[in-house]
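Visitor: Going down the list, the sequences are from chains C and H. In terms of numbering that gives the first Met the number 0, the first sequence opens at residue 0 and continues consecutively. In terms of numbering that gives the first Met the number 0, the second sequence opens at residue 0 and continues consecutively.
Worth flagging that the hints you see were computed from the coordinates, not collected in a lab. You may find that some hints are simply not true.
Claimed, not checked - Calculated lysine-lysine pairs in the BS3-like style (CA-CA distance at most 27 Å, straight line): (1) K205(H) - K123(C); (2) K205(H) - K127(C); (3) K127(C) - K33(C); (4) K203(H) - K127(C); (5) K123(C) - K203(H).
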Amino acid sequence: MGGAGTGRAVELRGVHKFYGPFHALRGVDLAIGKGEVCVAIGPSGSGKSTLLRCINQLEVVSAGRVYLGGELQGYREVGECLHQLSPRQIAAQRRRTGMVFQRFNLFPHMTALQNVIEGPVHVKGLRKREARERGRALLARVGLDGLGDRYPNQLSGGQQQRVAIARALAMEPEVMLFDEPTSALDPELVGEVLDVIKDLARSGMTMMLVTHEIGFAREVGDDVVFMDNGMVVERGKPQDMFAGAREARTQAFLSKVL
Amino acid sequence: MGGSDGDPVVGGSRPDTAETVVFNRVVPRRHPGRWVAVAIILVLAAQAIQGVTTNPNFHWDTYAEYVFSPFVLRGVGWTLILTVVAMAVAIPLAMLLVVMRESGNPILRSASWLWVWFFRGTPVYTQLAFWGLFAVLFPRIALTVPFGPELLSLDSRWIVTPAVAAIVGLSFNESAYLAEIFRAGFRAIDRGQTEAAQSIGMSKGKIWTRILIPQAMRTIIPPTGNETIGMLKMTSLVLAVPFTLDLMFATNAIANRTYLPVPLLLVAATWYLAITSVLMVGQYYLERYYGRGHDDVVVKGGPH
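Okay, chain C solo, but in the shape it has when bound (with noise of 0.2 Å):
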């Protein structure tokens, strides 16, 4: 299968992303390990959130290519030659990842429990009574005991974007993308999800995460990436890369946000 790493979680080679004429992403090589975090930080449309979109193709990339646990994502390679999968294979792909929104996107007319239980049930084809017991134990597990029959408007933004979290654990993904999830929140509330992404960090989840929290990208991060107009700039370890970074721009971008 297309000579893909080994024991990568995630792994994107030369990877570039068109809208139009704007250059959103020029060539960005990354890989993840089984087990690691790795944050993403750089100035707004720096293409973050692009590269975190373009891995569970909510984009599809422009030239590159992008594995996840070793297969190629979206195509099939034939010679030279990218078949293009179906989009029944794609949405199977995609249950590899989990992701969290910065806007939480839950769904408004289903309770928190049926936000979660909907894509084990109507996806996987779990039994509802099953599904409905796992829902309730991953609603514990980030905070949520007993607030499974409320819908989206009745919780806080906090809890909103933990519901979120529950929504996309419970397609036991191989990797959780998070794509700035505490941008959205009030101050008092961040403290709450950042805890529920510590200890996921913690039993040994891959993660990739975009943030704009930089002590908890220096808490939580195994290896931190700074990309700035389209590119990975710098990659090193948060100790390291916020004592002293090498590059002038991280510096630049560091000296504003530390």
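Put chain H on the given structure of chain C with help from the hints.
Guide: Relative to chain C, chain H alone:
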């Protein structure tokens, strides 16, 4: 009162309990204008009622004679059937048109656009007349291989009966309008909903049925209720087919015989109003059901 002893009120709150709170004594505002308005409206209403009920030109005796006559009741029945069946055909058809319009397939997109363009762009009366003439224009409906042999052939008169022509004409026309209403409803849903559904691996069909349609319903139902009520009255145009059993045709026929159009128009109006009222009750419950998660009403038995 905060500063009764002259001290300015500083920040902080006193530990009053529910029993010790002294509530403000508020004298409600008076609204004399409202009472004047009520009086004027009551007088006008009384005059209107008197003008209608005691007026011999309204022929209330004739009205009473025909309002429950079997001939009229049969008309009510057929008008209801036409309305319900035409909407029942138009709604799934419109849904299909929207899915086609939003699909990635350019042929399906264009076909949907053309359908809406044609059926919205031509008068429904003309469409009904053409469906009525179908058996004349195409005496036989045959299943053939294009330019090849005929597999099955049927007489059009037995298939496109006046009732069928009326329902096809009304529902095809309606589907074009509903498609535009539905499309607006789906467009109003945040893109993040589709992305969230994709991110848990849902297929396109599941995303439509589980995520998009239930959410669009909330915005789609009020204008669709409007369209249903419009359809109720649009059924009176089926005389173009000609279909002769609906309520309007029935009351017109009686009026032509008795030379008393006014009481028969009142009979028809009464029934249209009665059916509309029943439809509005149904709409209320539908709105409440699909408003779950938005309006703060608790609805039992929503789809899990």
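Visitor: Hey, K123(C) versus K203(H), does the alpha-carbon distance stay inside 27 Å?
Guide: Satisfied, since the Cα-Cα distance of roughly 15 Å is no more than 27 Å.
Visitor: Regarding the pair K205(H) and K123(C), is the alpha-carbon distance no greater than 27 Å?
Guide: holds, 12 Å
Visitor: Does the structure keep K127(C) and K33(C) at a Cα separation of 27 Å or less?
Guide: violated, 31 Å
Visitor: Regarding the pair K203(H) and K127(C), is the alpha-carbon distance no greater than 27 Å?
Guide: holds, 22 Å
Visitor: Is K205(H) close enough to K127(C), meaning Cα to Cα at most 27 Å?
Guide: holds, 17 Å
In terms of the numbered hints stated before, the structure departs from hint 3 and from no other.
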